[in-house]
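> Sequence:
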Amino acid sequence: MEESHERLKSWSELPSDLLNSLLERLSFADFLRAKSVCWSWYSASRQCVPKNNHIPWLLLFPEDNSNSSCTLFNPEEKDKLYRTQDLDLELPRRFCLKSCGSWLLMQNRLHNLYVVNLFTKERINLPPVESQDGTTKLEPAVFGFRITLPDGSKAAKPMHIRSPVFWIDDKTKDYVVSWGLGTCCVVYSKKGYNSWTQIPEALDCCDMVYKDHKLYFLSYFRDLRIYDFSGEIPQQSFCCTCAYVERFVSNGPRRPRQPSDRRILWATKLVVTVTGDVLKVETILRPVSRIWSFRLFKICSLGLFKRVRSLGEEAMLLDLGITVLANNSEGICRNSIYFNGSHNSNSSDIFLFNLETRKMEQLHKFDLSSDQLSGNRWFLPSFTQAMA
Numbered sequence: 029m030e031e032s033h034e035r036l037k038s039w040s041e042l043p044s045d046l047l048n049s050l051l052e053r054l055s056f057a058d059f060l061r062a063k064s065v066c067w068s069w070y071s072a073s074r075q076c077v078p079k080n081n082h083i084p085w086l087l088l089f090p091e092d093n094s095n096s097s098c099t100l101f102n103p104e105e106k107d108k109l110y111r112t113q114d115l116d117l118e119l120p121r122r123f124c125l126k127s128c129g130s131w132l133l134m135q136n137r138l139h140n141l142y143v144v145n146l147f148t149k150e151r152i153n154l155p156p157v158e159s160q161d162g163t164t165k166l167e168p169a170v171f172g173f174r175i176t177l178p179d180g181s182k183a184a185k186p187m188h189i190r191s192p193v194f195w196i197d198d199k200t201k202d203y204v205v206s207w208g209l210g211t212c213c214v215v216y217s218k219k220g221y222n223s224w225t226q227i228p229e230a231l232d233c234c235d236m237v238y239k240d241h242k243l244y245f246l247s248y249f250r251d252l253r254i255y256d257f258s259g260e261i262p263q264q265s266f267c268c269t270c271a272y273v274e275r276f277v278s279n280g281p282r283r284p285r286q287p288s289d290r291r292i293l294w295a296t297k298l299v300v301t302v303t304g305d306v307l308k309v310e311t312i313l314r315p316v317s318r319i320w321s322f323r324l325f326k327i328c329s330l331g332l333f334k335r336v337r338s339l340g341e342e343a344m345l346l347d348l349g350i351t352v353l354a355n356n357s358e359g360i361c362r363n364s365i366y367f368n369g370s371h372n373s374n375s376s377d378i379f380l381f382n383l384e385t386r387k388m389e390q391l392h393k394f395d396l397s398s399d400q401l402s403g404n405r406w407f408l409p410s411f412t413q414a415m416a
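Positions 29 to 416 (this note's numbering) are the ones given, in order, by the sequence shown.
No false leads were slipped in.
Pairs of lysine-lysine, DSSO-like flavour, derived with a Cα cap of 30 angstroms:
1. 239 - 334
2. 242 - 326
3. 218 - 165
What follows is a set of in silico ranges between Cβ atoms, one per label pair, in the way DEER data are often shown:
4. 353 - 156: 36 to 42 angstroms
5. 386 - 174: 41 to 47 angstroms
6. 221 - 334: 37 to 43 angstroms
7. 211 - 288: 27 to 33 angstroms
None of these hints come from the bench; they were simulated from the model.
In this text, a Cβ means the ideal position worked out from N, Cα and C, and glycines have one as well.
Let the sequences and hints guide you as you build the complete structure.
So, in structure tokens, the structure goes:
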């Protein structure tokens, strides 16, 4: 017993520079374990800067509204599942709009928006959605929002939030949140704002990505716009109309009274790579066989497309609209696409798409009933001072 106590004491008395050097090299999961070894390790963890995490985790949402905790899966540890603390939130998948680091952008039943940290439970309420600084007005409806257009006319149908994105600084809690207001404009809000500011020229939002203080916007009219948010007021820094891309053809005539398994374009997404290239990603589905595939195009400066067939040493996190450097030995597969198959979002079987083989690969099969899940979302857990 005394020998064990002495051994623990020796670990707790490691020189601070050696201990910091050790902590800075640990993965996200190992860092959280290390800080609980003893008080001196916990204290040291608050002073060091751990390496940036680039291993995506999977967040599995409960189906039961009364269940306020989530299940977490780390690809580095395929035999383990983690459960979060009770977050006192409504957590079915439909209430989570986006993730940024360890933060989630949530919408409750009353359409109110807020961000919450998955690990620290810190919460920041956002301005009421109907508080709009612009010429388009809206008010909550049972499903979506009723829109009053600048000319005073009413939109025929309720509109919904499209392609929400956000960014938050873990230390200062500065944040930017943006989303498309149906087929109308794009809106944004920042820390200290009491309302949402409209960007009227950003019409008919198809998809958006926010990265490095820039908002990338793609419309259904093929307009690509980039807004610089580094200043107080965002400035448009780039605009082009993307060239038309010839669509693939179906795989033969449709048989009468038989469900078709022909390829359909399920979604068009924007992705920004590690080097800053902007990619247009076409998500393709065969609905009967539930087979997914993808086509990637680099958007060039004049709006022309160049087909991309490989991501090289990067992996794509389609949910987040970014790529990360990949190392197969660390649990993330290079030249692959991590995605959420929304056609069957409550499935407990998780896949990725390998661009080298052009096939779906099963990443993990959870020992969970799909009836217990309302969906999943990939996210990149980040370190915060509160966690350290």
